[in-house]
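Protein chains: 2
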Amino acid sequence: MLSVIKELSKKTESKIVLVVLDGVGGLPLAFNGETELATAHTPNLDKLALESQLGQLELVGAGITPGSGPGHLSLFGYDPIQYTVGRGALSAVGIGVKLSAGDVAVRGNFATLDAQRNIVDRRAGRPSDEKNVEIVALLKANIPTLEGIPVEIYTESEHRFVVVFRAQGAALGANLSDVDPQEVGVPPLEATAHDSPSQKTAGLVNAFVMRAEEILKSETQVNGVLFRGYSDVPHFPSFDDAYKLRAACIASYPMYKGLASLVGMDVLEVEGHEDALEGKVAALREHWAEYDFFFFHIKKTDSTGEDGNFLEKAHKVELFDEILPAILELGPQVLCITGDHSTPSKLMTHSWHPVPVLIRSDYGRKDATSRFTEEEAQKGSLGLRKGTDLMPLLMANALKLQKYGA
Amino acid sequence: MLSVIKELSKKTESKIVLVVLDGVGGLPLAFNGETELATAHTPNLDKLALESQLGQLELVGAGITPGSGPGHLSLFGYDPIQYTVGRGALSAVGIGVKLSAGDVAVRGNFATLDAQRNIVDRRAGRPSDEKNVEIVALLKANIPTLEGIPVEIYTESEHRFVVVFRAQGAALGANLSDVDPQEVGVPPLEATAHDSPSQKTAGLVNAFVMRAEEILKSETQVNGVLFRGYSDVPHFPSFDDAYKLRAACIASYPMYKGLASLVGMDVLEVEGHEDALEGKVAALREHWAEYDFFFFHIKKTDSTGEDGNFLEKAHKVELFDEILPAILELGPQVLCITGDHSTPSKLMTHSWHPVPVLIRSDYGRKDATSRFTEEEAQKGSLGLRKGTDLMPLLMANALKLQKYGA
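These protein sequence lines are chains Y and R, in that order.
Each residue of the first sequence is one higher than the one before, starting from 1 at the first, in the numbering used here.
Each residue of the second sequence is one higher than the one before, starting from 1 at the first, in the numbering used here.
Keep in mind that a hint or two might mislead.
When chains are identical, the list treats them as one kind, so a pair holds in a single copy or across two.
[What the hints assert, rightly or not] Result set (DSS-like, lysine-lysine): computed pairs, CA atoms no more than 25 Å apart in a straight line:
id, residue 1, residue 2
1, Lys-379, Lys-366
2, Lys-379, Lys-47
3, Lys-346, Lys-15
4, Lys-403, Lys-386
5, Lys-140, Lys-217
6, Lys-47, Lys-366
7, Lys-403, Lys-6
8, Lys-98, Lys-15
9, Lys-98, Lys-244
10, Lys-386, Lys-6
11, Lys-366, Lys-386
12, Lys-11, Lys-346
For the record, the hints were derived by calculation from the structure and aren't laboratory data.
Kindly generate the complete structure, drawing on both the sequences and the hints.
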């Protein structure tokens with residue numbers, strides 16, 4: 001369908017704003033029988049809902065709980081079953097590392113090995129982030145390159161780290177076997193290449209494993225490394241290519257900026273730290289003329305849900321409600337508000353429940369919904385849809401799609 | 001899914017009538033806050049809605065505005081992404097012209113050009129059919145062949161005509177760019193071939209455009225031609241093959257007759273001109289015993305929408321309402337009323353909005369809908385579905401589908 005959209009899309013002056021309230025969908029709690037969204041006091045959102053179309057999106061599939069990557073890819077119109085981002089690339093992108101064509105990113109775990117190189121603990125006793133940083137510094141100092149290839153090493157968290165091998169000339173392959181045997185009592189496996197461009201990578205991976213063990217031999221717990229999940233740069237049709245949109249990302253967290261840049265959005269500077277709502281609105285205002293599409297990401301609706309903090313999650317929705325008039329004032333032809341997945345406080349984690357979606361444009365049908373809540377969204381005129389339906393709907397409402405066939 | 005249906009379909013005595021109110025879906029206008037359908041006074045349709053199932057169809061996909069071809073193919077059960085047919089082939093078949101392998105059919109519009117060859121009116125002021133016949137005769141007399149290729153020119157209606165280039169030896173390609181720029185104030189475009197078999201065709205098309213302008217230079221309104229939609233001969237599983245249905249088409253406009261004949265329907269004679277509602281009912285009555293399936297097409301709900309004439313579109317629905325009892329009197333086991341796409345008067349063109357669908361049979365579930373309107377259809381028991389779901393639903397309600405699996 002993306003290739004059909006690509007054929008039909010056309011450049012126009014109209015502007016689309018896609019607000020993603022991360023993890024916005026919730027579940028009712030017993031204490032008031034309502035969800036976070038229904039509990040929040042949101043006069044601006046309520047008014048908007050009255051003049052908008054509502055519905056629900058299922059980002060990956062029925063019953064499937066989306067990770068942030070697949071959730072956003074689906075919102076951006078890329079079928080998350082077809083378009084996957086390898087774990088290494090996702091980790092790299094998640095910590096703000098830019099990958100170029102030919103590079104390979106690898107997800108690593110620190111492990112504990114015994115004197116015979118057998119694995120005792122695949123997570124090295126879950127070291128602190130500080131210990132991770134210390135070990136990564138030691139490795140960085142000692143492994144700046146391998147076989148003439150620049151090597152970058154990054155802390156992720158606890159036992160998790162990321163290695164990026166930067167291609168020099170020929171592209172590195174990412175089709176090789178794991179070092180992590182996923183069991184204890186055996187030594188790390190030797191990586192073997194499944195195709196010829198990955199032979200060089202296998203050599204690098206195996207050399208890294210041996211060098212790291214040598215460097216870490218005086219450590220008692222963090223004295224080995226395991227690799228699992230190699231990835232080259234994923235190839236997506238860009239937003240410009242698929243939709244003919246000049247698209248900008250307004251987000252605070254590296255992961256979302258990374259995802260946006262993977263699909264070819266420009267990542268705008270946002271003043272302020274954490275969710276920086278005012279800074280985001282300022283960025284939107286400042287760059288309004290330059291772009292046709294804005295991905296406007298708000299994180300804290302998700303993190304408060306993951307903390308199980310129902311009232312705080314509701315409050316984060318209220319904070320968004322306060323900046324909503326400033327977004328509307330800019331006069332986007334199409335405004336959409338939705339989430340990349342649900343994160344009910346009740347579950348304290350992502351969930352499979354569809355997310356509510358709201359679309360405001362001049363070309364909506366009658367829709368009796370009066371609030372942006374899960375319950376109202378179920379009655380909405382947009383119905384229950386796949387996440388990948390969203391971009392075509394936004395494009396259509398912005399009058400940016402030509403007729404299909406005569 | 002079509003191949004599954006083919007396995008399951010069986011011949012029975014029951015009869016299905018599929019009424020297509022072309023472009024029937026609308027949008028509310030500010031003056032009364034209602035759509036054309038909701039504004040129309042339709043006592044018979046209202047009564048029917050009470051005892052029917054309602055729902056909505058999305059003919060091609062979310063956000064996709066269907067052309068008439070893809071819209072109808074979807075209603076007939078053919079996935080319009082997989083089964084494509086060019087407008088030229090549709091038009092040619094619609095006026096009874098048989099195409100052979102290698103021929104190319106092209107849809108043309110008469111246009112008005114100014115002295116600088118810039119387009120003033122892409123429809124040449126919508127000339128009468130009589131004027132069209134006169135101009136076509138002039139062109140036929142002067143362009144019997146081009147570059148050794150036989151050229152056939154046919155009147156379609158008003159500003160519409162069809163050109164068929166008959167292959168001599170090597171097949172002509174149909175993969176070339178439009179002459180119609182779809183805007184005024186600019187000259188006709190030069191057709192360019194997208195592949196090598198289409199190079200000959202591009203030459204013919206461009207030569208035709210220049211010859212026609214020369215021949216028509218003394219005309220004030222009809223003095224240019226625009227081409228859009230080139231097609232070679234498409235291949236479809238027939239209605240008889242897929243559904244075991246003896247199917248008949250009752251339509252006035254060539255395009256719809258052409259589509260029906262492409263899928264193997266017999267095209268019945270309809271007395272009267274334009275939408276000829278009484279003539280259509282007469283044809284239905286006369287041929288009732290001979291067929292299992294009737295495609296009953298009404299055009300004016302679309303053309304009035306394209307003209308932006310809200311009240312007239314509502315009136316065309318009322319005219320259909322008046323003949324509805326005569327259709328019901330024949331006692332079809334299954335009666336379906338829907339559209340091939342929406343044409344809101346507000347947009348004055350086809351749109352992406354789902355179309356309402358109504359199915360009356362003895363085997364419907366409870367359904368609280370009380371009118372055939374977009375708003376009621378949103379609440380209907382059939383839900384929001386792909387257009388290609390319709391034929392299996394009609395076949396099932398007519399008890400013409402066997403069980404799948406043991």
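Going through the hints against the structure:
1. Lys-379 x Lys-366: Classified as both: same-chain Cα gap 12 Å, cross-chain 12 Å, threshold 25 Å.
2. Lys-379 x Lys-47: both (17 Å within a copy, 23 Å between copies)
3. Lys-346 x Lys-15: between (36 Å within a copy, 20 Å between copies)
4. Lys-403 x Lys-386: both (21 Å within a copy, 17 Å between copies)
5. Lys-140 x Lys-217: Result: close within a single copy only, 16 Å intra versus 79 Å inter.
6. Lys-47 x Lys-366: both (15 Å within a copy, 23 Å between copies)
7. Lys-403 x Lys-6: The answer is within: 12 Å in one copy meets 25 Å, while 30 Å across copies does not.
8. Lys-98 x Lys-15: Result: close neither inside a copy nor across copies, 28 Å intra and 47 Å inter.
9. Lys-98 x Lys-244: within (23 Å within a copy, 40 Å between copies)
10. Lys-386 x Lys-6: both (19 Å within a copy, 21 Å between copies)
11. Lys-366 x Lys-386: both (21 Å within a copy, 21 Å between copies)
12. Lys-11 x Lys-346: between (43 Å within a copy, 22 Å between copies)
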